[in-house]
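Starting from the structure of chain G, add chain F where the hints point.
Here's the letter readout for the chains.
Number of protein chains: 2
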Amino acid sequence: MPVGTVKWNMSDRKPTNSGLPDTLLGRRKRLLGSAYRLFYDQPVHIVRGEGVWLFDADGKRYLDVYNNVPHVGHCHPQVVEAVCKQLQTLNTHTRYLHETVLDYAARLTAKFPAGLDIAMFACTGTEANELALRLARARTGASGMIVTENAYHGTSWAIAQITTTYGTSEKRADNIVTVPSPDSYRGPFAGDTHAADKYAACLENAIEELARHGHRPAAFIVDTIFANEGIPAVPPGYLAKAVKTVRDAGGLFVADEVQPGFGRLGSHFWGFEKHGVTPDIATMGKPMGNGYPVSAVVTSSEVVNAFQQHSHYFNTFAGTPVACAAASAVLDVIEAQGLQAHALETGRYLKDGLKELAANQPMIGDIRGSGMFIGIELVKDRASREPAVFETEKAINLLRENGVLIGSTGQFDNVLKIRPPVVFTRQNADLLLEKLSTALTAAGVESG
Amino acid sequence: MPVGTVKWNMSDRKPTNSGLPDTLLGRRKRLLGSAYRLFYDQPVHIVRGEGVWLFDADGKRYLDVYNNVPHVGHCHPQVVEAVCKQLQTLNTHTRYLHETVLDYAARLTAKFPAGLDIAMFACTGTEANELALRLARARTGASGMIVTENAYHGTSWAIAQITTTYGTSEKRADNIVTVPSPDSYRGPFAGDTHAADKYAACLENAIEELARHGHRPAAFIVDTIFANEGIPAVPPGYLAKAVKTVRDAGGLFVADEVQPGFGRLGSHFWGFEKHGVTPDIATMGKPMGNGYPVSAVVTSSEVVNAFQQHSHYFNTFAGTPVACAAASAVLDVIEAQGLQAHALETGRYLKDGLKELAANQPMIGDIRGSGMFIGIELVKDRASREPAVFETEKAINLLRENGVLIGSTGQFDNVLKIRPPVVFTRQNADLLLEKLSTALTAAGVESG
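Protein sequence lines correspond, in order, to chains G and F. Under this note's numbering, the first residue of the first sequence is numbered 1, with each subsequent residue one higher. Under this note's numbering, the first residue of the second sequence is numbered 1, with each subsequent residue one higher.
Keep in mind that a hint or two might mislead.
Given that identical chains are not distinguished, each listed pair holds provided it fits within a single copy or across any two copies.
As the list claims (entries may be wrong) - In silico DMTMM-like cross-links for lysine to aspartate or glutamate, where the CA-CA straight-line distance does not exceed 20 Å:
#1 K60 x E99
#2 K435 x D22
#3 K85 x D56
#4 K355 x D22
#5 K244 x E208
#6 K351 x D117
#7 K60 x D352
#8 K198 x D381
#9 K435 x D352
#10 K355 x D56
#11 K435 x E273
#12 K241 x E356
#13 K244 x E99
Rather than coming from a laboratory, the hints here were simulated on the basis of the structure.
Bound conformation, chain G alone (with noise of 0.2 Å):
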């Protein structure tokens, strides 16, 4: 999940650790310490989860908007099962055969393009990253990392060095390089009919500097949905232009899997299909398990076998049988029930929906995204474009408030994020036009 998308409880962010109530927040506080974050001015006691439905203490309802790793829906009972039996049965590692681990391995290969046939297992998004990352470096034998603008892969060290979105005490190495967002709405090239090469000329601005400071390029890594980017319109044949060159400067295109990936876009399986553009290696996560934690990388024989010339790999609790079981009734779910065409289809509903909800709206800027996973941008004005920050913020409250459960991304937190367990339905839509509609009228009132 990308942190840091909603603003956070201000008070939240006072470090101390004595002298607080025996609440479950300052229980919090004073356990957890001072570098958690939680949602909402009034952050959420959640017990219960079931489909597209979490429920607080108080058996209050809220429709979850947001939430991805519940792939299939919260508390998937298939997946619940699945889990159990193996948990009853073995759960031990991948230095023993297992079918299951194999079994699903193959099951996943099969979803990409020919070529990318070698699963490896971590247990979650920002190892799969790191794995993408020490298998770029080996196969290329160079350490320059390009990644865009205000993006999101994870929190281990490395991870966090190519995680542009937050700020950080951790000083960028000059080995990682950014490139902006190719944002067709607000970026440098907004509007310009010649955005995608202007935007993918910025993958050779990159590569010069990293020669600058002696480094190659080893991979341009992007989340194929540009998610903590805002999930912005990319302008067609922008992705394909700057991985050539990256490709053309020895470099290999790391698809970020994590969040678009298992059929949410509706109209692809994977993000990367929906660019035109088949990546060296893929890491995918979030909702691959539905909640155990579990994630992968897949990629060519001939990038696994560079690294194992010097390394090998292994993880202690990845690609387990119990892992894998989860993985596997996911994929079942989402086959049985044909989740992407639903995805594609209930995206569109929605999307169709906000439109006519903009007709009312003016802070609605812009509506874009694919399947379950849409960005609605808030501006104070769709001439000027200036970010409606406050009021997305309050509307996000507001909701909350009314029972929907729903965050922000982007660069200024003013791009309200759709990305609900992919069973959401039309009902769940219409419910959230009708309370997205009464809070974004208050929000406006209020900062108007």
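Below, chain F alone, put in the same frame as chain G:
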């Protein structure tokens, strides 16, 4: 799990990805690629686990002598039930309030000395060490890392850099320096009456080496049982002296408790307690959830507050209600069954048996360790202490044939590593001693 501690099947090293037979082994090479390794000359196809037992596809039963992840026994019903119950109810993240994570954080931090009162959650030992490294750098403003030779700390980019036990093509950065493992049997100061002082003095050299490259020490990190270093008998007083030297130079001490933690050592709940030294940061993982992916960092508010000035922390799958339900159930079982005392008692019994065995087995050069973490160093000759490398590998494969799964560790992979589920009994110890006697005799004859 410290990988590479058992010799793998050499045929598994060959990078090839086509023309492989449709056996489990062939499918594995094709689907998982060349960077994965298997245990044993004849890899084991495990299908079921229960307590200290693993069962292969032919129904053959193996005594598990090395898997530390199933701390309270494979597929422990109480842990399975706790996980399944929570999976059916809710599995969200730490941006909502939830009692389970706070209750567990309170129980976990209560196991630590005063001042170490904050728990932060991750999914794997690697991620816990990553967070420890970021915390240490933030707290000290320094970047130098001091690690022991032949250490294992994990698999990400930064942690692979401080994992000194493997060869790698990834050049170690000059902010990382090594010190010898404080080995009383084999190291540079083995047998020296001033070994503790002399090993500790190596920290001064390390700090000077860092200074020559313009670095100050951020942290000295050790696995407090030195598992991959060969489970050495550490000269009494060494660690306290070493830590003082590091602290005097402004660095922190990180205790990696991923392997020794949770009562395995019998005499203490954590490894650092055995050395009479309190860490600034402790990391834990593997046994914590009995196989459910969960890990943690425990530290002080001073350390977290330094970090949170510029960064915050979130990890999607970490500290979830399910992860904390698993971890709580493990603590329940440890406490209800008195497993720390059990580990102490069974460990003493086994060590006594091993000493008796040594009378008739000249290959046994040294027996050491604590509780359910014991090392048996095999040598060709007790006077020269030449490592019995081939014989160790032979014995491990013979034991596998005879229904006992054991591994090796140490610089020369000549230390048999006994690290079973802590529910291991005297009867299990008797069976191990019997099979070990046969295997050592056969391995000695074959090599003789």
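Comparing the hints with the structure gives:
1. K60 x E99: between (43 Å within a copy, 17 Å between copies)
2. K435 x D22: neither (34 Å within a copy, 55 Å between copies)
3. K85 x D56: between (29 Å within a copy, 18 Å between copies)
4. K355 x D22: Close neither inside one copy (47 Å) nor across copies (53 Å); limit 20 Å.
5. K244 x E208: Only inside one copy: K244 and E208 sit 15 Å apart there, 46 Å across copies, limit 20 Å.
6. K351 x D117: neither (35 Å within a copy, 48 Å between copies)
7. K60 x D352: This pair counts as neither: shortest intra-copy Cα distance 29 Å, inter-copy 61 Å.
8. K198 x D381: neither (27 Å within a copy, 71 Å between copies)
9. K435 x D352: Result: close within a single copy only, 16 Å intra versus 71 Å inter.
10. K355 x D56: neither (32 Å within a copy, 59 Å between copies)
11. K435 x E273: neither (33 Å within a copy, 56 Å between copies)
12. K241 x E356: neither (35 Å within a copy, 71 Å between copies)
13. K244 x E99: Intra 38 Å, inter 50 Å, cutoff 20 Å: neither.
When each numbered hint is compared with the structure, violations occur for hints 2, 4, 6, 7, 8, 10, 11, 12, 13.
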